[in-house]
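> These are the residues of each chain, in order.
2 protein chains.
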Amino acid sequence: MPVPALDFWFEFASIYSYPAAMRIGALATASGVAVRLRPFLLGPILRAQGWDTSPFVLYPQKGRYAWRDVERICAELSLPFRRPEAFPQSGLLAARVAFLGSEQQTPWAKDFCRAVYCAEFAEGRRIDRSETIRDILLELKVDAEDILAAAQTNETKDKLRAQTAHAEQLGIFGAPTFITQDGEMFWGNDRLEGAIAWAKQAS
Amino acid sequence: MPVPALDFWFEFASIYSYPAAMRIGALATASGVAVRLRPFLLGPILRAQGWDTSPFVLYPQKGRYAWRDVERICAELSLPFRRPEAFPQSGLLAARVAFLGSEQQTPWAKDFCRAVYCAEFAEGRRIDRSETIRDILLELKVDAEDILAAAQTNETKDKLRAQTAHAEQLGIFGAPTFITQDGEMFWGNDRLEGAIAWAKQAS
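Line by line, the protein sequences give chains G and L.
First residue of the first sequence: 1, per the working numbering; consecutive thereafter.
First residue of the second sequence: 204, per the working numbering; consecutive thereafter.
Treat the hints with care, since some could be wrong.
Derived SDA-like pairs: lysine to any residue, alpha-carbon spacing no greater than 25 Å straight-line [claimed, not checked]:
no.	chain 1	residue 1	chain 2	residue 2
1	L	K403	L	K265
2	L	K313	L	K360
3	G	K110	G	A48
4	L	K265	G	L170
5	L	K313	L	E326
6	G	K62	L	D385
7	L	K403	G	E76
8	L	K403	G	V70
9	L	K265	G	E131
10	L	K344	L	T309
11	G	K62	L	L261
12	L	K265	G	A75
13	L	K265	G	K141
14	L	K265	G	P107
15	L	K265	G	R191
16	L	K313	G	D52
17	L	K265	G	P2
18	G	K200	L	Y268
19	L	K403	G	L77
20	L	K403	G	A75
21	G	K62	L	A405
22	L	K403	G	G174
23	L	K265	G	D52
24	G	K141	G	P107
25	G	K159	L	Q264
26	L	K265	G	A162
27	G	K62	L	Q372
28	G	K200	L	D385
29	L	K265	G	A48
30	G	K62	L	P291
31	G	K62	L	A365
Some but not every residue of chain G turned toward chain L, in silico, with C-beta under 7 Å [unchecked claim]:
no.	residue
32	Q49
33	Y59
34	Q61
35	K62
36	Y65
37	G171
38	F173
39	W187
40	D190
The set of hints was computed from the structure by calculation and includes no laboratory data.
All values reported here derive from a predicted model rather than from experimental measurement.
The beta carbon of each residue, even a glycine, is placed where N, CA and C say it ideally should be.
All chains should be built: construct the whole structure from the sequences, respecting the hints.
Below you can see the structure in the form of structure tokens.
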């Protein structure tokens, strides 16, 4: 029987992707589900529907609620949380690195994603600065310079662009989004358990 | 010790308010939490942020997802669900009746709210038609004509308008929204359990 798999679509600027990224590994493993990282850029998708920044900036009441909601979620999970001074931060370079790592199925890709989310939402670091991404790679004891160079080739840039276009074709409108092998879509950190259960049962 | 209470803010056009309305009574009772009905109109609040109809109409990909998501939620709860042919439907008259019933703390108010949601999202009936609201009241064996007359006085209309303005002041931007006595806000059917737990602990 093939191993059930779940596609995890995420954007590094997304608040709710932080608890999802921190939880998905252990939950999926416990259910025998393989997680496939699908980093993408939410910006072009939001722009296509007329939004030039995060909805949490455009709609301040919703934004105020979301920060408090994520704070509560993290407290419940005993996850450190610190509201970043700058929001949203561009996750472009981080997404290129994550794309490269996941495409090559490297052992560091998942650790890298978690580390970026922690830097942004727990440690008050600026993930839109290349020094931070380099430092994260160095902390993971991988070849930071090689990876950064490969992440910024036209090939990787184009592939991340194509993955974002694919997200849009799939009907993805936010992050995190989970998609099972039979095409069932789940949106939001609070749908993670449901997505894993669906992936397991559908396989 | 006073009984902990939870304000349940809902709009009859709201899809996710349907499962919330069907679940809240039993869950709150099991936790010793009193539910206070707070019907309001989401339309004026959405218009104030530039939306002239449901976001599920304005953003079709999000809308497509939401219908599927609610269908799954209802299946999980063994709640009948049928996507209405007309959406969104004006819940104005129903909200006036619900306001009247909840203000007067009548025994039929909660049954009325559940019946309206079932009519709309389970039975394919048109809640934007006064005949449907009358029929629902008749099915509840209350004095439909008296209630409909009282619901359409200027006094009731003004009070519902004031309640909607109050919702906006509280920062409510969607439905269902739950607010505890210490002012903690929870948005969405999937936050109902968290809201009840918070209400219980905070009291």
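> For the pair supplied as a hint, L/K265 and G/A75, confirm whether the alpha-carbon distance does not exceed 25 Å.
Roughly 28 Å separates the two Cα atoms, so the pair is violated.
> With a cut-off of 25 Å on the C-alpha distance, tell me whether L/K265 and G/E131 pass.
violated, 36 Å
> Given the hint that L/K403 pairs with G/A75, test it: the Cα-Cα distance must not exceed 25 Å.
Roughly 18 Å between the alpha carbons, so the hint for L/K403 and G/A75 holds.
> Verify the interface restraint on G/D190: the C-beta must sit less than 7 Å from at least one C-beta of chain L.
Since the shortest Cβ distance to chain L is 5 Å, the answer is holds.
> For the hint on G/Q49, does the least C-beta distance to chain L fall short of 7 Å?
This interface hint holds because 6 Å falls under the 7 Å limit.
> Run the distance test for G/K110 versus G/A48: straight-line Cα separation, threshold 25 Å.
violated, 29 Å
> Given the proposed pairing of L/K265 with G/L170, does the C-alpha separation stay at or below 25 Å?
Holds - the C-alpha atoms of G/L170 and L/K265 are around 12 Å apart, at most 25 Å.
> With a cut-off of 7 Å on the beta carbons, see whether G/F173 makes it to chain L.
holds, 4 Å
> For the pair supplied as a hint, G/K141 and G/P107, is the alpha-carbon distance within the 25 Å limit?
holds, 11 Å
> For L/K265 and G/P107, compute the direct alpha-carbon distance and say whether it is at most 25 Å.
violated, 34 Å
> Hey, L/K265 versus G/K141, does the alpha-carbon distance stay inside 25 Å?
violated, 40 Å
> Hey, G/K62 versus L/D385, does the alpha-carbon distance stay inside 25 Å?
holds, 19 Å
In terms of the numbered hints stated before, the structure departs from hints 1, 3, 9, 12, 13, 14, 16, 17, 22, 28, listed from lowest to highest.
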